[in-house]
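Engineer: Single-letter residue listing:
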Amino acid sequence: MEKNKDKYVSVFRKSFSLDENFDVEALSYQDIPSWDSVGHMSMIADLEEAFDIMLETEDIIDFGSFKKGIEILRKYNVEIE
Amino acid sequence: MKKPLNEKLFYENSRIMRIDCLKMGVKAGLSGAHYGGSFSVIEIMNYLYNHGTNINEDNIAKQCKDRVILSKGHGAMALYAAYKQIGILSDDDLLTFKLDKTNLYAHPSMNKELGIDFSSGSLGQGLSLGVGVAISLLRKEMPEVKVYVILGDGECNEGQIWEAAMLASQLKLNNLIVIVDYNHIQYDDFTANIINLEPFEKRWESFGWNAKRIDGHDFHEINAAFSLKSVKPYVIIADTIKGKGISFMENNHFWHHGILNKEQEIEAYNELGKKYE
Amino acid sequence: MNEINSKNIRLWSMLGTSGVFGVAAIDLVESDNDIIVMTSDLTYFSGLERFLKLYPTKYLNVGIAEQNMVGVAAGLSSEHFKPYLTSYSTFITARCTDQIRVNMGYMKQNIKLVGLGGGLAVGILGPTHMGVEDISIVRSIPNIIILSPADGLETYKCLMESRKINLPMYIRLTGQQNNPIVYNEDYDFEIGKNITLLDGNDIVIYSTGTMVSRALEVAKKMAQENISVKVIDVHTIKPIEIASIVENKNYKLIVSIEEHSVIGGLGSAISDILSQYTSHGKLLKLGFDDRFIHAGSYHHLLEEYGLDIKNIEYNIMKNYRESN
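Chains as they are written, first to last, in this note's numbering: chain L, 1 to 81; chain Z, 1001 to 1277; chain S, 2001 to 2324.
Worth flagging that the hints you see were computed from the coordinates, not collected in a lab.
Treat the numbers as computed from the prediction; the structure is a model and nothing was measured.
Virtual Cβ for every residue (Gly too), placed ideally from N, Cα, C.
Treat the hints loosely; a few may be bogus.
Far from chain S, by Cβ distances over 12 Å, these chain L residues were calculated [what the hints assert, rightly or not]: (1) Lys3; (2) Asp31; (3) Tyr76.
These stretches of chain Z come out as covered by chain S in the derived footprint (C-beta under 8 Å, 3 or more residues) [claimed, not checked]: (4) 1012-1023; (5) 1162-1176.
Work out the full structure, taking the sequences as your base and the hints as a guide.
Structural biologist: See below:
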């Protein structure tokens, strides 16, 4: 079974069209062109589908980076490791 | 084929155009006609259609033709008279002016076959249209095709004119040429008494345009103005006389739109006949 | 092109209809080289940030000058380009009504107006920014198609369909981010054809824009009281589907719900048809009554105008009991 960490990284790579060499763990909102406001929502939607959750608006707004996202997903009982 | 560029012939064509406008106006009967603003723009329309543009009866509905937008739509009679000059309309066509079933309305109505690209009549809108067309021609890489927009002076009261002027300058539309038929009279009174446009050239220049002020009835000045090349959008401010050519109409704001009685009709024809040299 | 799948449906709901326009704008220019998107200095509000980065040459910002924007669009359209114009729904209709009338109505130039923040979505900015009577303005002008999509997916479909018709159009977008989803999956969409979302025998509700999801919620509540309600999505306000109105004219209670004035919008369009018949049910028009209200949050404003679920249900019940 796919580990949550791999799933999480894979969502980022797919949503933002990033290849294997890209260090997604250091990424924050607006660091790259594809993580603009639309890209952000799209990534959230991908995440929700991947983990079968639905994020609250406040959390969507707070989700400012890969690392922050890990914190936020804990609220939804998703442990990224 | 364009007519030869010759002063004497030019003024003779103007005379014919005025007679044609008179015929149309008389035919319109009790519904009257916009004599004042049609007569003032005759020399400009004469020059545009006979010399200044590439428009002819073969290309009238084609992409390669220069574009002319008569934003001051009430000058329609002058447009139709110009069309007759280049063979698009006949004498019989002109006599359908303002009839219930016609293509020749009081304000031009869009008719692609006749090369009338837009309907006009609601003042202040034509420069925006011209800007849109000018943008399009540059996008289509046809910078040699020019866009001429004819404005009235009173029309320049409308804010939309200045919105379009600002955008034209912002986008550096050097394929756009405006001619203001500055006859100094709008519907109610002299323009100076309603909204004084002076210093008119400076207003356009401050909006980023090149401006040239000319006598709008003088062949040489018109010819020189149209021969100028400009890297910016360009306005020719043509000082004209409202009702030019008919003495009792000249400079008289009551002839913005009027009905000729029989006496006036005869006098008008005589005056136009007499001016032939 | 974007696929219609559950992820995108969820995304489009989150983005809100302005955001969907931004997404659709990209698909539009990719599908048709002649499409140009125009704005009057509202790029970011219109969800066009990404569009601007990707297609700067397909974009034209005319500054805060709506009248000029429509005129320039007419010039472009006469040269066979296909402009899509966007601004707040009230500005893109009221500020340039004559330009719409002359260029789109009279000359039938192929211009698409996209009105954002229709209804009360930006009501926090006050009545100057609310879309109160925009539909009635455009509806009274001949020759302009008016679309009013119910949710994110329908917004996307309206925009994609619009490019197939070279006629003037006004597409009115309502709601905010996290717009309720009406359509959970792809469906057949045809301009001019209403969609019956729920069948029912006692009451028929014609709804449009964001009010479609409200109508469905109210219908479900009323079903619990054994009142069966038919809910219809009227995504095309003009030309309205006359046959659908006539087919349902004998329901004892006919309701129209719109995030718009009751004067001149969907309710009036229905009334225009019903009034041609000597017998038909009572028409209850729900929308903004004839007044402006002060700025407030979206949900507060909806309640003020009686367009929250509680008040919609109350008004329909009251009229239903009276008509029985």
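Engineer: Enumerate the violated hints, using their earlier numbering and listing them in ascending order.
Structural biologist: 4
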